[in-house]
Each structure stands twice: as structure tokens, then as C-alpha cells.
Amino acid sequence: MIEKKITVPNKLGIHARPAALIVRAAVEFDCDVWVESPADKVNAKSIMGVMTLAASGGTLITVSAQGDQEETAVETVVEVIRSGFGEEMI
Amino acid sequence: MLFKGIAASHGIAIGPAFLLKVEELRHARRTLIDSSESEEEILRFRDAIISVKHDLENIADSMGDVVEGRQILEFLLLLLQDPTIKKEVENKIRCDKVNAEYAVSSTLLDVMDKFNIMKDPYIRERVADVKDVGRRIIEKLTGTEKDALNNLKQPVVLVARDLDPSETAGLKPGQVLAFVTDMGGKTSHTTILARALGIPAVVGLQKITVEIHPQDLIIVDGIHGCVIVNPTEKELSYYAEIREQFQEAESLLQQANPGPALTEDGVRYELAANIELPHEVEMVKSLAADGIGLFRTEFLRLIQEKGENEEDHFDIYNKMALDMLPKPVIIRTYDMGGDKFRTGLNSAREANPFLGYRAVRIGLDRPEEFSIQLRAILRASIHGNIKLMFPMVTHVEQLRSLLDLIKLVKNDLRVKAIPFDENMQVGIMVETPATVIALDLMLPYVDFVSIGTNDLTQYTLAVDRGNPKVAYLYDSFHPAVLRQIDTVVRLCHAQQKWVGVCGSMAANPLAVPLLIGFGVDELSVAPSLIPDVKKMIAVVTTHAAREMAEKSLSIETGLRVRALVHSYVIGKYPEILLDENDWKTGG
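Residue numbers (this note's numbering), protein chains in the order written: chain B, 1 to 90; chain S, 1 to 587.
Calculated pairs, DSSO-like style, for lysine-lysine (alpha carbon to alpha carbon, straight line, at most 30 Å):
#: 1; chain 1: S; residue 1: Lys153; chain 2: S; residue 2: Lys234
#: 2; chain 1: S; residue 1: Lys319; chain 2: S; residue 2: Lys416
#: 3; chain 1: B; residue 1: Lys5; chain 2: B; residue 2: Lys41
#: 4; chain 1: B; residue 1: Lys41; chain 2: S; residue 2: Lys114
#: 5; chain 1: S; residue 1: Lys86; chain 2: B; residue 2: Lys5
#: 6; chain 1: S; residue 1: Lys131; chain 2: B; residue 2: Lys41
#: 7; chain 1: B; residue 1: Lys4; chain 2: S; residue 2: Lys86
#: 8; chain 1: S; residue 1: Lys53; chain 2: S; residue 2: Lys86
#: 9; chain 1: S; residue 1: Lys53; chain 2: B; residue 2: Lys41
#: 10; chain 1: B; residue 1: Lys5; chain 2: S; residue 2: Lys87
#: 11; chain 1: S; residue 1: Lys97; chain 2: S; residue 2: Lys114
#: 12; chain 1: S; residue 1: Lys119; chain 2: B; residue 2: Lys4
#: 13; chain 1: S; residue 1: Lys97; chain 2: S; residue 2: Lys207
#: 14; chain 1: S; residue 1: Lys131; chain 2: B; residue 2: Lys11
#: 15; chain 1: S; residue 1: Lys97; chain 2: B; residue 2: Lys41
#: 16; chain 1: S; residue 1: Lys285; chain 2: S; residue 2: Lys572
#: 17; chain 1: B; residue 1: Lys11; chain 2: S; residue 2: Lys119
#: 18; chain 1: B; residue 1: Lys11; chain 2: S; residue 2: Lys114
#: 19; chain 1: S; residue 1: Lys114; chain 2: B; residue 2: Lys4
#: 20; chain 1: S; residue 1: Lys114; chain 2: B; residue 2: Lys5
Hints are computed from structural coordinates only; laboratory data are not their basis.
Based on the sequences and whatever the hints tell you, model everything.
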């Protein structure tokens, strides 16, 4: 099990489009991937889960993974978030 | 449990319920029998997902470079394949033992609730997407249900919110014992179809689809407008007996008079049949009707899967003309729109479909497609017994354009040396007050008219006959309707044109004496009603009919007109199956 913390860097936070980007990155891996906010922990491959997390800009979230390629999986998802989804940063 | 609705088509049926598609995201719950059925439902659900995925990918491909469109579709695809949702649905099917449709709709309704309470407006907006995905999955699931309807092992009572022609076009007589619907009134599509098939129907039951479960035993009493769900032994034996009596009476009626329709004083009266499906011609012939007064061609559109095909039209018209020879066949061109069809032709939802893009308005807007039907009709006219009728003509300009279109088709046929009947009669339906008031201006262009009393009543009284809240105002005996019928007959006869009635008034025992009295030349009714109407005509003398008709024109209310005719009819024909609603209330 690998985990890494990151602050949501964009102004609007994880709304529909960013959520879709996260899910699309996560489904590339066979291992289980999660995203966790102070409020909830959800399956990173579930668009509904990631959206209901409703993490706003500035929230500290944890990305974790377990199974094959867990390290790369966490790195990839964290990188997607760090990029700010190509949106305006805080 | 007993439910009361509107008696739409006479008869009694007893059989198992078959629920046909229940509105998008509120699907009826059905409890599964065992775990093997659960596994079947799960497979059905997974197949539906694959099939929707395929559809969405196709749409995405067709979008090309439209970035926003692609993004939306990619989002829909992610939702569709969401592992959490999938697991939840399959859990429901497995643990709660419910059908796939119910599991999908209840899961997605929960998701929508969750999205709805989110603070982020960007997320709330996505509720529509969840709904879209849900609707697509359920459409696939119920699609297989429709297939099941075509592969029934035993006849069923069809239960639905409302019946769409696209769902009922493939029905074979004998497959369905009766119709039971939430929506509809005495003249809705379901009713017309039930009468055409000669099966009982109770409509306007409001929420019956929620009360009935698949395979429930149902008694449909189309005489009194009752539906009994899971009847007691006592009710069952009572109705089994009534059903037998009714069938006996029906067959007696059918045997009773194989000859032409005659009034009591021996005047020969023209009585034709309205048909929807080509195979009904057999019944029309065995009942010795005076031809086909109305062939509704809308079903052809549904039989044709790959767009309009002239040969398909021609084959059916040609066979019908030959089968009926020498009796006339009146072919009405497409009457799509209104309540009858929601086809690809008018993809935009209309605020007022009855006032919108329908019938010849579509035909004139798409003359090339429309000409395919006209050509086929003209080619079949070679046998000499075909007449063509246009629905919903409200403007003289339309009528002129339609006749120009016929002229063009005729010229083309002449050039190609394809034979047709040069003197084929052309007529119009009279369905709106506009057509009645300006009829003298239209008559010089046509050979005959046929009054569609259902539409004429609805347009005159501004009442949507399918809306249960106002349906009570719908009354074909309203003075405004009766006076218009009288006007139409006078105008037609003044210009030596004949006039028929093909709406449901033509089979109403209280209306038949009035129509005869007004001087209507022909009545056209569903084939299964021909024996009844023959009997209705046989108890009327032309003199009494004329007197009643004249008197009716100065009576204030429809109710009183019905009472007037009722007292005459009941005295001469007491055993007639009079629907009490016909004369007690405005129904």
C-alpha cells in the first residue's frame, strides 16, 4: 500500500471535468486506487465517488493504491491533480 | 382488488398481466423467483451496459472535433462504467431479488439525490447526465421486454402507461387478450386499436401500472370499465360465466345479419370498415361490409425499417384493392403527429403537438417522401376501387398543393407508361372547425369528405381527450359539434358530393340515428363493431331519424340530446349494450 498527500491546486476544485480526468488516469491500472478527503474515502475509478468527494480548491487529499504497479498508479493520479487540470490555480 | 377506469372496448378477458415499459426512471419493481433468475437479470443488465457503451461510442465518433460534445460523451461513458454503481445495481438484483430495471432506476435515483444536495453547481448540473445514462440503460432493458412480447408462450393482458403505435404494431390477434392503461380516453389510440383487434380494453386507470405486477391474474371488464387484480375464486367464476355469455352474444350478432345494412323502413345504408392493419381485410369481408371507409396507413411507416419504400406501400394497397374488389377502399395518407406518432420526423418536442407538425403538414413539407406514398396509391388505383383521402387539410392552399403533387405524380407515371385510374376519387377529412366553416370553398376541389368526429370534437371544444382532468368536457353530442355535422352534410349535398363519418360517433348507438337523420351517406367503423352498428341501423326509420336530428339542433346540452335518442333506441332495442356513461354523463 502506497499513499501520497497533495493539495487540490485549482480554484474550482474537483468538479465534473477534473473528476473525469482522475478516473481516466486511475482505470489504466489493475490495482485498487483510492482518493481520500477529510470527509470521505472513495474508489478513484468511480466517477460518482470522485465527484461526491466534492473536494474544493485547497483541500488536502490523500491518493493511495494497493496491488500491481501501485507506485506508478499513485504517481500518475497525483501528477494529474498537481497539474491543476489545466485550470486557473488558486 | 378492483379498479375503475373508462370502458374503451367491449368484452371480458381473464389472463396474466404483461407489463410493458413503465416510464423512464421509475420502473415497476418485480420480485425475482430464485437466484438463477437473479443471475439472468445481472446478465441482462451487463448486456445493456455493453450495448449502451456501443451506442455512446458511435455518437462520440460521429461528433468528430466537437470538443464539448466529446467531453460530455466521455463523461457519460465513465458514469456508465462506474464500478461503484455497477456493484450497487448487481447487489440489489442479487440480494433484494429485484428486476434489473428497478435496480438501475433506484440506484441512479439515489445518485441523483446525492448530486442534487452538493454545494458545487458544476456537480449539480451533472444530474441530467446521470438521468440520461439511466434512461439509455433502461431503454435497452425494456427493449428486450418488447422482444419478449413478440415471443409470448401464452396470451396476456397488456398493461402499460399508454400504448404507442410503435409498440403495438407487431401485435398479432390472439397474443393479447386485453389492454389496460393508465392514460387514455374513449378515443385514444389504445381504444381505437383495441376495437380494431376486437379485444376488451379499460383505459384512464391513472396508476394501475403501479398496482399490477407481472404475471398477476387480471380480469378486464371492458363493458363496465373495471379491472380486477388477483381476483377471488368467486369473482373468477362470476366473470368466467359473463365472458361466456358475452362471447355467445357476439357470435349471435355476427351470424345474425350477413346481408347489407338496412334501416327499419328498408333503406339501404352504406356501412364500411376502418382498418389499421392489412390482415383485417379478411374480417371485413366476412362481415359483408360495404368496403373500407378508412385505411389508416400510419402502421406502414413502422413496418418499414429502412425508410419509405414504394414497393412495400404498393404491395399492401394493391392486395387490399384486389381483395376488396369491387367494393371501395379509401386510403388515408399518413396522419402522423398529434397523439399518433412521435417519429424521427419531428424530433423536436412540440409544446402543442395537436396544433403542430402533423399529417399533410409533414407531407407538404417533405413532398419527395410524401410522393412515394402517393405514387404507390395511384399505381394500385388501376383496379378502379381505390379512393385517396387527405387528413387535416385546413387551408385551400394546402389542398391545391396536394392536388398539384398528385398531378406531378400522375404525369410521371404517364411518362413511364405505368397505368393508373385517371378518375381516382380524392377526398379530405373534416376534422377542424376551419374545414367546416370554409368547406364550400374546398368542395369544388374534392369528390367526397369524411368527418373525423374525434378530432372535430377535440378541436371544437378545445379539449385534450387524453387528459383525464378535462376529458369529461369532451362530448361529441355538444351542440357545436352536431351543428357542424349538419352544416357539412348540407354543404356537401349542395355541391353533389358525398359525406361519410369515420370517427367513433359512427359506432355510438345514440349517435347513429342522428347521423342518419342529418343525411350522412356512409358510416365507417372498426370491423368488430360492424354487426353492432348494423343492428343499430336496423332499428331506425329514416323518418324518425330525421325528426330526431332536426330536434337535436335546438337542444342546449349534449346530455339532453343523448336522453332524447336514448328514449327512442331503448324502446326499440332494449338488449343493446348501452354504456351508461354515454347518456348519463358527458362521456
